[in-house]
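Chain by chain, the residues:
Number of protein chains: 6
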Amino acid sequence: MRPNNRALDELRPISLEAGISRYAEGSCLARFGETHVLCTASVDENVPRWMKGSGKGWVTAEYGMLPRATHSRNNREAARGKQGGRTVEIQRLIGRALRASIDLEKLGERQVIIDCDVMQADGGTRTASITGAWVALSQACNKLVEQGLISENPVTYKMAAVSCGIVDGTCRLDLEYVEDSAAQADANFVLTEDGGIIEVQASSEDVPFKASEMAELTRLAAKGISELCKAQAAALES
Amino acid sequence: MRPNNRALDELRPISLEAGISRYAEGSCLARFGETHVLCTASVDENVPRWMKGSGKGWVTAEYGMLPRATHSRNNREAARGKQGGRTVEIQRLIGRALRASIDLEKLGERQVIIDCDVMQADGGTRTASITGAWVALSQACNKLVEQGLISENPVTYKMAAVSCGIVDGTCRLDLEYVEDSAAQADANFVLTEDGGIIEVQASSEDVPFKASEMAELTRLAAKGISELCKAQAAALES
Amino acid sequence: MRPNNRALDELRPISLEAGISRYAEGSCLARFGETHVLCTASVDENVPRWMKGSGKGWVTAEYGMLPRATHSRNNREAARGKQGGRTVEIQRLIGRALRASIDLEKLGERQVIIDCDVMQADGGTRTASITGAWVALSQACNKLVEQGLISENPVTYKMAAVSCGIVDGTCRLDLEYVEDSAAQADANFVLTEDGGIIEVQASSEDVPFKASEMAELTRLAAKGISELCKAQAAALES
Amino acid sequence: MRPNNRALDELRPISLEAGISRYAEGSCLARFGETHVLCTASVDENVPRWMKGSGKGWVTAEYGMLPRATHSRNNREAARGKQGGRTVEIQRLIGRALRASIDLEKLGERQVIIDCDVMQADGGTRTASITGAWVALSQACNKLVEQGLISENPVTYKMAAVSCGIVDGTCRLDLEYVEDSAAQADANFVLTEDGGIIEVQASSEDVPFKASEMAELTRLAAKGISELCKAQAAALES
Amino acid sequence: MRPNNRALDELRPISLEAGISRYAEGSCLARFGETHVLCTASVDENVPRWMKGSGKGWVTAEYGMLPRATHSRNNREAARGKQGGRTVEIQRLIGRALRASIDLEKLGERQVIIDCDVMQADGGTRTASITGAWVALSQACNKLVEQGLISENPVTYKMAAVSCGIVDGTCRLDLEYVEDSAAQADANFVLTEDGGIIEVQASSEDVPFKASEMAELTRLAAKGISELCKAQAAALES
Amino acid sequence: MRPNNRALDELRPISLEAGISRYAEGSCLARFGETHVLCTASVDENVPRWMKGSGKGWVTAEYGMLPRATHSRNNREAARGKQGGRTVEIQRLIGRALRASIDLEKLGERQVIIDCDVMQADGGTRTASITGAWVALSQACNKLVEQGLISENPVTYKMAAVSCGIVDGTCRLDLEYVEDSAAQADANFVLTEDGGIIEVQASSEDVPFKASEMAELTRLAAKGISELCKAQAAALES
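For the protein sequence lines, the chains are A, E, R, G, B and Y, in the order given. Residues in the first sequence are numbered consecutively from 1, following the UniProt record's numbering. Residues in the second sequence are numbered consecutively from 1, following the UniProt record's numbering. Residues in the third sequence are numbered consecutively from 1, following the UniProt record's numbering. Residues in the fourth sequence are numbered consecutively from 1, following the UniProt record's numbering. Residues in the fifth sequence are numbered consecutively from 1, following the UniProt record's numbering. Residues in the sixth sequence are numbered consecutively from 1, following the UniProt record's numbering.
Chain A on its own, in the form it takes in the complex (with noise of 0.2 Å):
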């Protein structure tokens, strides 16, 4: 049985809340279950230096934790003056995703840098990360179109990203904190709403496991995502 009696390719309870930020142009809280994180996203008006003239836009993502985020607490990466390989791994993935989602010609020569920062974890942080950031990402778009800076909004995709794991033999959609850590097999996906792939990473905690089984959590994580880009839509239309 899993916690709260949940069914196999059930998500958690998922609340995105769009617009929190006083002051981001994007934003949102998005929580699956007792993971919380907010995601902002901030328009500036430069792009990085090696992109200058190019006409294109471009979008990255930084990630944090609150040191006390979870049950012990860690170390304020600020001031043990550098961030661990994980937030970059992390970082690095919400960037790629997010880029992938857009037209950074139809963005016009200007950046946005979304900001997830976990409030509380609980399990799959990364991609209720990306899921909220494309949520920031996209009402920061729509304001720009608002403002007149870009004719047309330049989200071309609408996608999210949920977690899947093998636990105690059986193929899981949106793993908590108590079953990714006795989990035989991880594995993290960004899909489109469709189920078109954007970014996978899977990952044997135990013995290697099997085509088809990571066919099967494939086919979880297209059930929980498409479940995720309808919340994704409620919360930007509210």
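Given that identical chains are not distinguished, each listed pair holds provided it fits within a single copy or across any two copies.
Pairs of lysine-lysine, DSS-like flavour, derived with a Cα cap of 27 Å:
id: 1; residue 1: 210; residue 2: 106
id: 2; residue 1: 210; residue 2: 158
id: 3; residue 1: 143; residue 2: 158
id: 4; residue 1: 210; residue 2: 230
id: 5; residue 1: 210; residue 2: 223
id: 6; residue 1: 106; residue 2: 143
id: 7; residue 1: 230; residue 2: 158
id: 8; residue 1: 223; residue 2: 158
id: 9; residue 1: 230; residue 2: 143
id: 10; residue 1: 56; residue 2: 158
id: 11; residue 1: 158; residue 2: 106
id: 12; residue 1: 56; residue 2: 143
Please keep in mind that the hints were generated in silico from the structure rather than gathered at the bench. In this text, all values refer to a predicted model and were calculated from it rather than measured experimentally.
For this one, chain A is given, so just place chains E, R, G, B and Y on it according to the hints.
Chains E, R, G, B and Y only, in chain A's frame:
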């Protein structure tokens, strides 16, 4: 006229929500108007190396601001690899203030690490941090007593902090950002509930100010802090 | 047509030269065409602090690229004072992949540090690194058995890694740089010799791709990895 | 009794030696008893990037302590790769204090960089730094006028700094180290020659202190600073 | 007896392989016995900021050692976030030596960046680096002439470097590691092919040595460097 | 003609003031003309970790320059977060030179940390540092003998350091800045009082120089160092 018709000696709407973190031993979401700071207190059974064997405990604090807590985005300190001077100055102030309110011998040889993370900034983030951190620290100490790890609550003084300043020639309590950025003088007070001075930092932002003005600012602070201490007590009771 | 008339499911010329380092306990110079990576395995009789007393060993990896391994010179990470995000991401992947192929209890409380240094880069440096590092690790483990420090070789799985991708609409095995930079999708596979999945990372570089394309890429990878595992065995025998 | 039979409102022997540096545009070796600080003012015809084109100048300060300026050796900050929190806090205070004493528009679009390096420490290094730095800054400004680069000396306020504290229940002026380390309260004042407040920082080191004690400390500081301003004027004249 | 029956004034087997890098404008794999250094010269059409507009070029060098180039593994400098003191000292020596052998005005306003990476170390890595780097630099300059970017080869002096030392009371040419670690004195020479001094660094490792011993070490170095310059010429011709 | 009509083999006015620091176990303010270096020796009863249990002591050195010790201001290394290459090179030289003059076994398992801080620079700061540091080290060792912590003074060699160079075709002793910046060759000598070589570093700044010139520079250095050793002895006696 102050924004929102506030009286000169009136605090912004204050909300102190204790126990907001799922994991931390103590926590408080402190809101002074649109300034929102999440404060957590984490108990660590180890003390810093230089205190080992002293039989005394330690309280230390770290402060951070989410990159988009402000009107325009600030660089993430973890990404820059360095905490800024302002951050360092503030977190040293928070730590000193809290250590002054607690009996480190009664705490026993353990450490409480305070994290103050600014979700949204509208002036007075350091004083909101101290006010909220005192609640988180008290809650964590209560838990130590409940767990039988210490016999007596080591918190010695009820205290809080507030900023005051001179704006348009008038002394005002609890400046918000639009006032702060136009102030002729700016002062931060950490006082006990009955007005005892724990720490005062006052700076002229324009022409030097008079000792009589300093006295008036102190009077305003004592009034505000008396109210804040009541709000802290209420937050701890609920 | 692929460069050098390669078939879509054909590896570049592979050379794995074990024992190339005068000092390291295990080593392999891995060449996938013009991509050359020097891999060494260093045995350290200490484990990281957090593992002390666990009775288990550890395998970790570091990755670097000589500044002029590529068309234009990259800044030296040691001089910049920081490893780049790509480096961090890759060395974490190498470490995970190798730990998944070894029984850390049988290794005993000691650490094997893998260094993968790219002498020359022409695409696929991370997968060449993993493939060569497995040879270096195996050689180092053989030496531990020969020295009587452990009774049984702890390497559990024969595994290797290869990249695949979709270029000009065709799925291809083992992309070289000119293909990689034009790919619509790019995937790195770490598989056992019989196709068990240890890690998969796949990204679209342009439009999202389909699950059926993912399956074809996996099939190509399994074919290539089966050949690479034979080359590894041969390298270890000589 | 205070050390050396000093009266409660008596400064230590003060020596301010202007023009001590062979190269700097302004300089002062400030001695407050056994506390010795070398202060230099360097004129830089460039302003920080964010001030370019503003027509205004800037004054900034850096503070350092020789590793063996104190009883036991402190690690060299340059070797540790990081300025400590205390250093950061002090140099920000010095910079703010000096900027408050000068008209940045009259300075013109150039920067004065103050360096305060503690040769020997016996309490009160930050206030000796500010007092000496004001001399160095004034000397540098005089030189700018002499050179015809500006028409009017931009220094607006005559000011100095001193520490006061409560030791053994008595309020005292200009604490030396043995007093400072036993103080119940410790306050640093930056005042104009006629007692206008530029900056005050006061902390309890033990029990909170009273507003009436704060007033007495302020009175002592004003007396001391009046004397220090005379010494500064004398140093500039010679 | 020296290892391998070498005569006191005999170099180890020398191999200089020019053009070994697929991408670099100049390159040389320098082997002095078991010491192997890969040297590359990268032409950068930008000069450092402080040289802009000077009409002169610049040559700079960076040095690194693979972590397992030595008997036991050294920490990777990129991971430690800092180049060690020995590395800094060596790369400054390499840069000075090369700049002394070239006419920076004839080079034109561009920079050549030399990378010396030690694959395997058995004593004399800095002198092997200089010897190989001179070949790489010459090759890169030849290419600039061929491309018509400069009209005349700016390399002014044929030079190389070698270490000498006093071991067991005898002066010896080109120390290998076992000799180096037992040396009473250790000297590194950078000389022109006819014995002109570019740089000498000599240290006693035990008792101070005599000027007459220094003279003998210099004589040995001149002999060795004359041979190395012939090997360099041969490497550039092939 | 040299500045101030100095003879070619004449030192600048030398002043060595021992015991100048109130706190350090040994200290010396070394002045070579307008070059002023404050040298302190701090005894630390701990040795570096890798020497623990060896029964031997250690001597290490750190070097720094006040930001405005020179004609124009240099960035503060503590603020940049990194010691420059020149600093690293110099402090390694100072440390090696001092270790060569002392019997580390007689020192016992303790460390002497030398700090050389340049107050004012006019050429020859590294050689003034070594000369002054030897005095500080000797004084600290004398104190260890007086305190009965060691039975015999471990300083084995009387030694000092001086720079020489070729300027306008003439070999000169103890270059000051205007000469140094115009030198064709520049050499730093660390010699014992009777001319034994501890360390020599010589570089051509223009055309390579001859062995006969090197010999003349060595002769000049020996003359100067013999005089400096007399000044050191006098400083220690007073």
